[in-house]
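Participant: Residues in the sequence shown are numbered consecutively from 1, following UniProt numbering.
Some hints here could point you the wrong way.
Computed list of lysine-lysine pairs in DSS-like fashion (alpha-carbon distance at most 27 Å, straight line) [stated by the list, open to error]:
#: 1; residue 1: Lys291; residue 2: Lys307
#: 2; residue 1: Lys307; residue 2: Lys288
#: 3; residue 1: Lys204; residue 2: Lys291
Hints in this document: simulated from the structure, not taken from any laboratory. Note that the structure is a prediction, hence the values are computed from the model and not measured.
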Amino acid sequence: MRKVLLTGAGGFIGSHLAEELVRRNVAVRAFVHYNSMGSHGWLDSSPPDIRQEFDFFAGNVCDPNGVRAAMKGCDAVLHLAALIAIPYSYHSPDTYVEANIRGTLNVLQAARDLGVEKVVHTSTSEVYGTAQFVPITEEHPLQGQSPYSATKIGADQLALSFERSFGTPVTVVRPFNTYGPRQSARAVIPTIITQIAAGVRKIKLGSIHPTRDFNYVADTVGGFLAALDSRAAVGEVINIGSAFEISIGDTARLIAQLMEAEIEIEHDDVRVRPGRSEVERLWASNAKAQKLLGWSPRFGGVEGLRKGLEQTIAWFTRQENLSRYRVNSYTL
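With the hints as constraints, model all of the structure from the sequences given.
Facilitator: Printed below as a string of structure tokens:
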């Protein structure tokens with residue numbers, strides 16, 4: 001049985017990916033962020049028959065010794081651990097340099113020294129900044145429009161440099177805006193759903209004109225798994241996106257329609273990025289993923305978005321899930 005180290009395993013995408021790996025009979029060493037409560041994040045909510053299969057390792061990717069210890073005995077690495085909240089990166093950029101750049105370096109150094117078969121490094125569509133052309137291919141210029149995106153550009157380039165310099169078998173997966181069950185309410189889709197589910201009808205949002213390419217979490221997971229198994233993807237950057245764009249405002253109205261709610265959108269200054277930092281447009285080309293990975297979205301286009309939103313709404317509107325979220329406060 002192949003063994004995979006999954007960093008960021010307790011997070012939104014990581015937890016879905018960890019569960020799917022177990023379903024596919026892959027042994028998972030789940031690297032979760034150490035905390036005094038012994039929490040494994042969302043993996044504590046996994047079905048018992050799946051949760052019992054995880055080999056948990058509590059640590060911090062900023063610690064090279066811990067990363068190396070976690071990686072021993074693993075055949076491959078899926079590196080998802082990162083600080084991802086864009087607003088908090090304005091507040092504390094130093095922590096993003098440590099987690100996203102230093103943490104990635106620690107993973108790469110250990111992978112090189114231990115000779116793992118594959119490293120899949122997680123990028124983000126934010127590295128492109130506002131689209132200069134659409135759909136956005138992997139050749140699009142990189143623009144650091146926030147401290148978060150700048151650190152992810154640095155991490156991506158480090159990962160690619162290890163493949164070029166040392167032959168470390170690295171693939172960079174670049175997901176566009178993933179959504180689905182378990183996502184933090186810092187993201188726009190959970191923000192909208194949780195407010196409506198709590199009975200709010202004046203929905204507080206930041207800028208609503210930017211467009212995004214929303215990707216349902218099951219499709220993102222599928223992209224990671226395809227990259228993990230692809231030899232052709234070594235040394236490559238690969239977009240994982242739905243190839244469909246929609247504005248934040250239209251997304252809010254679609255969610256309201258699906259939830260049968262009449263809403264009014266209120267502008268909330270605290271949720272607005274600095275003007276030149278806002279990414280105005282994202283729309284992915286996924287042609288390379290189709291060619292190299294044989295991957296294409298199952299939730300593509302407007303109908304796929306509706307289907308993914310229906311599943312997301314169903315999860316968030318269960319009381320045991322909705323109660324986890326602080327609907328009336330904004331978290332950086």
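Participant: So, for every hint listed, does it hold in this structure?
Facilitator: A quick look at each hint next to the structure:
no.: 1; hint: Lys291 to Lys307; verdict: holds (25 Å)
no.: 2; hint: Lys307 to Lys288; verdict: holds (24 Å)
no.: 3; hint: Lys204 to Lys291; verdict: violated (40 Å)
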